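When you read off a place in the sequence shown, starting at 1, and then add 89, the result is the number in this note's numbering.
Keep in mind that the hints are not guaranteed to be accurate.
What the hints assert, rightly or not - Now the in silico label distances, taken between C-beta atoms and shown as ranges:
#1 ALA280 - GLY140: 37 to 43 Å
#2 ASP262 - GLY161: 29 to 35 Å
#3 GLU277 - ASP195: 38 to 44 Å
#4 ARG252 - VAL111: 35 to 41 Å
#5 ARG252 - ARG209: 34 to 40 Å
#6 GLY136 - ASP262: 23 to 29 Å
#7 ALA173 - ASN113: 36 to 42 Å
#8 GLY259 - ASP208: 35 to 41 Å
#9 GLU180 - GLY260: 39 to 45 Å
#10 GLY170 - ASN113: 36 to 42 Å
#11 LYS109 - GLU277: 43 to 49 Å
#12 GLY161 - GLY260: 37 to 43 Å
#13 GLY114 - PHE273: 36 to 42 Å
Unchecked claim - Calculated cross-link-like contacts (lysine to any residue; reagent style SDA-like; alpha-carbon spacing at most 20 Å):
#14 LYS206 - PHE273
#15 LYS109 - THR99
#16 LYS269 - GLY259
#17 LYS109 - GLU98
#18 LYS109 - ALA207
#19 LYS269 - LEU248
#20 LYS206 - THR219
#21 LYS206 - THR126
#22 LYS109 - THR125
#23 LYS206 - ILE118
#24 LYS206 - ASN256
#25 LYS206 - VAL189
#26 LYS206 - VAL164
#27 LYS206 - LEU154
#28 LYS109 - ARG123
#29 LYS206 - GLY239
#30 LYS109 - ALA128
#31 LYS206 - LEU158
#32 LYS109 - ASN95
#33 LYS109 - ASP132
#34 LYS206 - GLY259
#35 LYS109 - ASP208
#36 LYS206 - PRO267
#37 LYS206 - GLY235
#38 LYS206 - ALA224
#39 LYS206 - GLY161
These are computed hints drawn from the structure, not numbers from a lab.
It should be emphasised that the depicted structure is a prediction, and the values quoted were computed from it without experimental measurement.
Don't be surprised by glycine CBs; every beta carbon is placed ideally from N, CA and C.
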Amino acid sequence: MLWGSNARETHPIFFHHVLKAVQNGARLIVVDPRRTTSAEWADLWLGIDVGSDIALSNAVAREILAGGLENGAFVERATEGFEAYRDSVQEWTLERGEQVTGVPADAIRELAHAYAKADRAILCWTLGITEHHNAVDNVLALINLGLLTGHVGRYGSGLNPLRGQNNVQGGGDMGALPNKLPGFQDVEEDAAARERRIEGAVPQGRPLRRLRLRLPCSLVEPVRPVWPCFPPAGFPKAFVGAEPYLSRSAGIQRPISSAICSPIWGMPARPVIPIWSITSPTSC
């Protein structure tokens, strides 16, 4: 299942393997507001209304529970808080799910039964799930479906977030984030991690945060458009105008056309989208 993921365009090599599985008899279900090129290959496409992912997940979970299709043995052995979760989704009938999500009740039922009854099932998501103000809750809702059906920790089954950049997960796992040691040990909150860190590798006495380059308020002449270049893993990224609300006082304007990023830190040039054009600020 691809939920909020157009893997056909964004992860083409991965999707090539998906197509091989489809040709060998696997079913592909796509949940996406748009009928994407991935959805064109799907056995079932659920054209969800934007922002109603949790409602759809709740309706699917309620249908699974109503049909007695949950993996009771796995839930008992490997989860906690099941009763509270079961009670929380009881109001999400197929009819209410259709009303809130715009997905026909029959399609919700088909998704629920297909996912719960499958011997093996993988649930994949991408930025369509995570780029929301309630992204964490979106992800937790999908994880709950995997736990409810026991499609976790078994060959051919699982929960798979398809990341936005190549090996960004591996970089984070290996300590590329400035406030994390390998394995996401937080040096600010974990006393044991602070003891294990290499002396001098982590600055003392101040919070560790990703850096953002701030333009001085004394700019008089317009400057050329600025494009982000991507440093090696572990080097703090400094982007100009990455967050408009931090940059309006510096004369940040609308994005302009794409260009080639010049080589920096030994990295090859690559096509990127420029962030913002900069003009002289009138006041700060």
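For the pair supplied as a hint, LYS206 and ALA224, confirm whether the alpha-carbon distance does not exceed 20 Å. violated (27 Å)
Given the hint that LYS206 pairs with PHE273, does the C-alpha gap stay at or below 20 Å? violated (35 Å)
What's the verdict on LYS206 and VAL164, does the C-alpha distance respect the 20 Å limit or exceed it? holds (15 Å)
What's the verdict on LYS206 and VAL189, does the C-alpha distance respect the 20 Å limit or exceed it? Measuring from Cα to Cα gives roughly 25 Å; hence the hint is violated.
Going straight from one Cα to the other, do LYS206 and GLY235 come out at no more than 20 Å? Holds. LYS206 to GLY235 sits at ~12 Å (cutoff 20 Å).
When you check the alpha-carbon spacing of LYS206 and THR126, does it fall within 20 Å? Not OK: LYS206 and THR126 at ~26 Å, beyond 20 Å, violated.
Could you tell me whether the CB distance from ASP262 to GLY161 stays inside 29 to 35 Å? holds (33 Å)
Does PRO267 lie within 20 Å of LYS206 when you go C-alpha to C-alpha? violated (43 Å)
Is 37 to 43 Å a correct range for the gap between the Cβ atoms of ALA280 and GLY140? holds (40 Å)
Next pair to validate is LYS109 with THR125; report whether the Cα-Cα distance is within 20 Å. holds (19 Å)
Hinted pair LYS109 and ALA207, Cα distance within 20 Å: OK: LYS109 and ALA207 at ~18 Å, within 20 Å.
Would you mind confirming whether the straight-line C-alpha gap from LYS109 to GLU98 stays at or under 20 Å? holds (16 Å)
Of the numbered hints listed earlier, those contradicted by the structure are 3, 4, 5, 6, 8, 14, 19, 20, 21, 24, 25, 28, 34, 36 and 38.
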